[in-house]
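Trainee: These are the residues of each chain, in order.
2 protein chains.
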Amino acid sequence: MNPAGEVEHEPRSGAARKTQRIVNAALQVFLDTGYGAATVDAIASAAGVSKATIYTRFASKEALFAAVIERECLACSKRMAVVEQAPALELSQALREIADMLLDIILLPRNLAIQRLVIAELPRFPELGRTFYDRGPAITLKNLANFVRARVARGELRVADPAVAAQHFISLLRGDIQWRALMEQMAVSDTARRAARERTVGVFIQLYGAPPDVARP
Amino acid sequence: MNPAGEVEHEPRSGAARKTQRIVNAALQVFLDTGYGAATVDAIASAAGVSKATIYTRFASKEALFAAVIERECLACSKRMAVVEQAPALELSQALREIADMLLDIILLPRNLAIQRLVIAELPRFPELGRTFYDRGPAITLKNLANFVRARVARGELRVADPAVAAQHFISLLRGDIQWRALMEQMAVSDTARRAARERTVGVFIQLYGAPPDVARP
DNA sequence: ACAAAACTGAACTGTTCAGTACAGTAGCGC
DNA sequence: GCGCTACTGTACTGAACAGTTCAGTTTTGT
Numbered sequence: 001m002n003p004a005g006e007v008e009h010e011p012r013s014g015a016a017r018k019t020q021r022i023v024n025a026a027l028q029v030f031l032d033t034g035y036g037a038a039t040v041d042a043i044a045s046a047a048g049v050s051k052a053t054i055y056t057r058f059a060s061k062e063a064l065f066a067a068v069i070e071r072e073c074l075a076c077s078k079r080m081a082v083v084e085q086a087p088a089l090e091l092s093q094a095l096r097e098i099a100d101m102l103l104d105i106i107l108l109p110r111n112l113a114i115q116r117l118v119i120a121e122l123p124r125f126p127e128l129g130r131t132f133y134d135r136g137p138a139i140t141l142k143n144l145a146n147f148v149r150a151r152v153a154r155g156e157l158r159v160a161d162p163a164v165a166a167q168h169f170i171s172l173l174r175g176d177i178q179w180r181a182l183m184e185q186m187a188v189s190d191t192a193r194r195a196a197r198e199r200t201v202g203v204f205i206q207l208y209g210a211p212p213d214v215a216r217p
Numbered sequence: 001m002n003p004a005g006e007v008e009h010e011p012r013s014g015a016a017r018k019t020q021r022i023v024n025a026a027l028q029v030f031l032d033t034g035y036g037a038a039t040v041d042a043i044a045s046a047a048g049v050s051k052a053t054i055y056t057r058f059a060s061k062e063a064l065f066a067a068v069i070e071r072e073c074l075a076c077s078k079r080m081a082v083v084e085q086a087p088a089l090e091l092s093q094a095l096r097e098i099a100d101m102l103l104d105i106i107l108l109p110r111n112l113a114i115q116r117l118v119i120a121e122l123p124r125f126p127e128l129g130r131t132f133y134d135r136g137p138a139i140t141l142k143n144l145a146n147f148v149r150a151r152v153a154r155g156e157l158r159v160a161d162p163a164v165a166a167q168h169f170i171s172l173l174r175g176d177i178q179w180r181a182l183m184e185q186m187a188v189s190d191t192a193r194r195a196a197r198e199r200t201v202g203v204f205i206q207l208y209g210a211p212p213d214v215a216r217p
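Line order of the protein sequences matches chains A and B.
Using the working numbering, the letters of the first sequence map in sequence onto residues 1 to 217.
Using the working numbering, the letters of the second sequence map in sequence onto residues 1 to 217.
Simulated from the structure, these hints should not be mistaken for lab results.
Predicted, not measured: the structure shown is a model, and the values here were computed from it.
For glycine and all other residues, C-beta sits at the position ideal for the given N, C-alpha and C.
Do not take every clue at face value.
[What the hints assert, rightly or not] Not everything, but these chain B residues come out facing chain A in the computed CB check (under 10 Å):
# : residue
1 : Leu117
2 : Leu122
3 : Pro123
4 : Pro137
5 : Val164
6 : Leu172
[Said to hold, decoys possible] So, partial list: chain B residues that the calculated Cβ filter (under 7 Å) puts toward chain A:
# : residue
7 : Gly34
8 : Arg116
9 : Ala120
Could you build the full structure based on these sequences and the hints that come with them?
Mentor: Structure below.
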């Protein structure tokens, strides 16, 4: 099924692919049960691997957990880059697209579960919080600020501090949706998402939109 | 030290005071170490009580935990009521006061720790999330919406949906401060708090303030 | 003052689980 | 085929911990 030197979604070949299987299985088990209740045996059997093998790759359960979160953070920060690629659209449409992307990232059940997991294990892994923030929300914020800066340059926005404006956009968008999704573990309806998006875009333009008298040429 | 029928901060007398001591100690230990890593022995010794006594009051570690969170939620919802008691002040000053109160509630390390704890244990105690949300954030939102409604009646604000406006205020105020505080477990500087407050009040008035031509009599 | 009720402290049970040891086996280069 | 390395499966160790029990002590009500 996999002829010569093909590169798959999962990186390198044979040797390290098993490691990826272990990390995948570990993520799943950690998400399902939390760190404390997850047993290495369960991870091993979910990965189709013996416990001994896990311990040849990872020094301890803690190290495995750190590796899992590390990888997820990396994956997340890559996904965030797409915010900057909504350049061609008209302002309000671009904002709508960005809002949808952000809501996807924020509300994806898997991502919510990872957030919960990280928060849950902060006492055990204190440095994890900073890592997670720097590689997730901080990058989103930076990308969005860049977008704002570009639109300011085009004369479509009037903004003193792009970072603050970007923060306002994200904050308005989140509202209490994220909080509820995190706490009540329930999916957010499409209607609620659309409402949040439209309100946010409207308010943002009202706040920061350049007056139409200096309209585009 | 405690003559005849005096009522203290801790409720009823002798019998039930020990229960309060247990709950207090349990809260402390849970906050310090998380539910999973907290041992009943540690709670017992922190409460200055034998483990057997704990098990006469609470059926299990889970029941004890539920009692702890229950009590904190109750205490929290009481504290939230103060938002409505900033009526006499001029609008922007009242908003500033409210912002300070909200930031206090949101950023108090103890409250952050409780939030972490609740989020962490959601898989084990699913109903807890709803309880917590309903008795905390939901009540704050309701109170703030009432405040907005009152100011609309006075002609100081122009707002279509007070609940939405209130949500915007809270969202803008939180920004990423709460997230960072939650994740990085670091205190937020007074400077950052003041900056968030001033920005939020400014933006809110810009968005929802009634035009000054219909000024107060 | 005295009996009943509540509490202590410490030992004990039973379970769960991280981490290890090891004997046997599959894969792979040569 | 030969030998080497990596993997499996299983069984084991040791520690941690929830929850119980109980003999002896303190507290409380009357």
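Trainee: Hints first: check each against the structure and report whether it holds.
Mentor: Against the structure, the hints:
1. Below 10 Å, beta-carbon pairs count as interface contacts, and Leu117 (chain B) has one with chain A at about 9 Å; its hint therefore holds.
2. For the restraint placing Leu122 (chain B) at the interface with chain A, the shortest Cβ-Cβ distance is roughly 6 Å, inside the 10 Å limit, so the hint holds.
3. About 5 Å separates the beta-carbon of Pro123 (chain B) from the nearest beta-carbon of chain A, less than 10 Å, and the hint is met.
4. Interface restraint check for Pro137 (chain B): the shortest CB-CB distance to chain A comes to about 6 Å, inside 10 Å, so the restraint holds.
5. Annotation: interface hint on Val164 (chain B) holds; nearest CB of chain A at approximately 7 Å, less than 10 Å.
6. Among the interface hints, the one on Leu172 (chain B) holds; its C-beta lies about 6 Å from the nearest C-beta in chain A, closer than the 10 Å criterion.
7. The beta carbon of Gly34 (chain B) is positioned within 7 Å of a beta carbon in chain A (closest approach about 5 Å), and the interface hint is therefore held.
8. Given hint, Arg116 (chain B) at the interface with chain A, holds; its Cβ is 5 Å from that chain's nearest Cβ, closer than 7 Å.
9. With a least beta-carbon distance of about 3 Å to chain A, the hint placing Ala120 (chain B) at the interface is held under the 7 Å criterion.
The structure is consistent with each of the numbered hints, conforming to all of them.
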